[in-house]
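Visitor: In the order they appear, the protein sequences are chains W and S.
Per this note's numbering: the first sequence = residues 1 to 124.
Per this note's numbering: the second sequence = residues 125 to 430.
Rather than coming from a laboratory, the hints here were simulated on the basis of the structure.
Incorrect hints may appear among the rest.
Below, computed lysine to aspartate or glutamate pairings styled on EDC-like, alpha-carbon distance capped at 16 Å [stated by the list, open to error]:
1) W:K120 with S:E192
2) W:K99 with W:E73
3) W:K119 with S:E187
Have a look at the derived ranges for each label pair, beta carbon to beta carbon [unchecked claim]:
4) W:S83 with S:P231: 45 to 51 Å
5) W:D108 with S:S268: 41 to 47 Å
6) S:R168 with W:A18: 43 to 49 Å
7) W:S114 with S:D343: 40 to 46 Å
We treat Cβ as the ideally placed atom computed from N, Cα and C, and that holds for glycine.
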Amino acid sequence: MLKKMKARLESQSGESIAEVLVAVMLSAIGLTMLALMISATTRMVIRSKNITSDYVGSNNQLVEKGDTTLNGEVEVLFVDPISGVQHKRLTDESSEDYKIPVRYYINDNIGNVSVTSYKKGSES
Amino acid sequence: MKRKNHSVLRSRTGASITFALLLFLVCAVVGALVLTAGTAAAGRISNLAESDQRFYSVSSAAELLAGELSGKKVTIERTRVLTTVTNTTYSVDLGGSGSVVSVVGTPEKSTVADYTTKINDNEPLTATVSGYPGAMNNGVEIGSGMSFLDTYAAKQLFSNSTNAVCNTDAAMDDTMKNGNVQSGELRLVHEGSREGDLTYGVKDPDSMAVDCIVYVLADGTMQLTLSNETEEDGATYSLRVTLSPTITESESETTKTESTTRTDLESGDGYKESVTTVTTLTKTSEIYWTVSGVEKLVLSDAEGGD
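Kindly generate the complete structure, drawing on both the sequences and the hints.
Guide: Below, the structure is given as structure tokens:
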């Protein structure tokens with residue numbers, strides 16, 4: 001075994017050109033792939049950083065409820081503990097088919113997902 | 125020369141291809157790791173939006189409910205009118221002085237009790253009991269179809285039965301400061317999918333629906349536990365809004381003789397006197413709730429009241 005290794009180390013013979021070519025090609029593909037992956041990841045991280053920044057900035061509007069984006073209605077369903085019937089009168093000021101007018105504030109700076117908050121009121 | 129070239133091309137010695145394969149493998153593994161880390165970081169943002177939506181659904185609902193319920197007064201007025209008619213027969217003593225009047229037998233006394241309970245602007249509930257106080261009186265259950273606040277205020281006051289009963293003497297003695305523990309449910313839903321209304325913008329109104337467990341303690345403190353749950357993974361965000369009651373109770377009682385009538389009997393036999401006395405007892409209880417606290421709940425707290 002030792003003899004064989006010694007002989008190999010002392011050997012003056014080189015690799016075949018085909019082997020070298022294949023080795024260079026494989027190395028080139030591997031390194032290019034790595035570079036592309038790092039580049040794609042960097043772009044992805046920068047993009048997600050920007051999206052997060054925009055999203056957080058827009059979320060401030062949800063908290064402050066600054067810009068009206070949409071009017072709508074909310075129903076409060078209440079199961080009468082006496083009759084077991086469901087109805088919608090929260091207080092004496094509301095009617096049986098009462099719906100509370102609300103203004104929705106929507107943050108859709110995050111692709112397909114949107115985040116919505118709302119507050120009582122309406123704007124024509 | 126040609127032969128040598130041929131042998132070089134066909135030579136199988138050397139290790140370049142092994143190293144190249146190893147390098148390729150290392151590049152592939154490192155690249156995959158970097159890409160996975162980047163994708164995971166980007167994926168967190170959509171999870172952030174979902175959890176934020178739960179937070180905004182619940183906090184908006186809490187704000188809306190608190191605004192609707194806070195400071196709205198419920199007044200419950202209980203009145204019991206006792207009308208007592210006492211009939212006394214007098215005779216004229218014709219002997220001696222000739223004008224001495226004496227009572228014949230025992231005066232007849234009968235009482236009718238009229239109860240009225242008025243809860244805010246709802247139709248008053250009434251009951252009449254003849255033969256008071258001995259007669260049977262099961263009272264009147266408070267009406268269904270009242271508003272949420274009226275119902276819970278009435279159940280807070282009339283605490284002697286599962287279904288609150290008014291118009292009895294026991295109900296006249298009830299107080300809001302010592303009510304029963306009550307529970308119930310509210311649900312806030314959005315009219316988001318209706319055509320011509322929220323057909324755009326609010327992408328998934330159903331996911332914004334909030335369930336609210338109502339829990340009223342014996343002292344009248346109302347706890348609203350609002351939750352929004354994601355169907356896919358069961359993640360829940362819960363808030364508890366505590367509303368403290370302000371209770372005012374007062375009572376007044378008046379007694380007055382409404383009328384006295386005299387009917388002469390046969391000449392010389394005397395007369396019959398009828399006295400009608402009316403005693404009115406009025407008790408007024410007022411309650412309104414104001415927000416005294418908002419707290420975020422962990423799941424185990426949200427599952428039930430204290």
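Visitor: Would you mind marking each hint as holding or not holding in the structure?
Guide: Each hint, compared with the structure:
1. W:K120 with S:E192: It holds: about 9 Å lies between the C-alpha atoms, which stays within 16 Å.
2. W:K99 with W:E73: Satisfied, since the Cα-Cα distance of roughly 6 Å is no more than 16 Å.
3. W:K119 with S:E187: Satisfied, since the Cα-Cα distance of roughly 8 Å is no more than 16 Å.
4. W:S83 with S:P231: 45 to 51 Å: holds (47 Å)
5. W:D108 with S:S268: 41 to 47 Å: Since W:D108 and S:S268 have Cβ atoms about 43 Å apart, the given range 41 to 47 Å holds.
6. S:R168 with W:A18: 43 to 49 Å: 48 Å Cβ-Cβ, so the 43 to 49 Å window holds.
7. W:S114 with S:D343: 40 to 46 Å: holds (42 Å)
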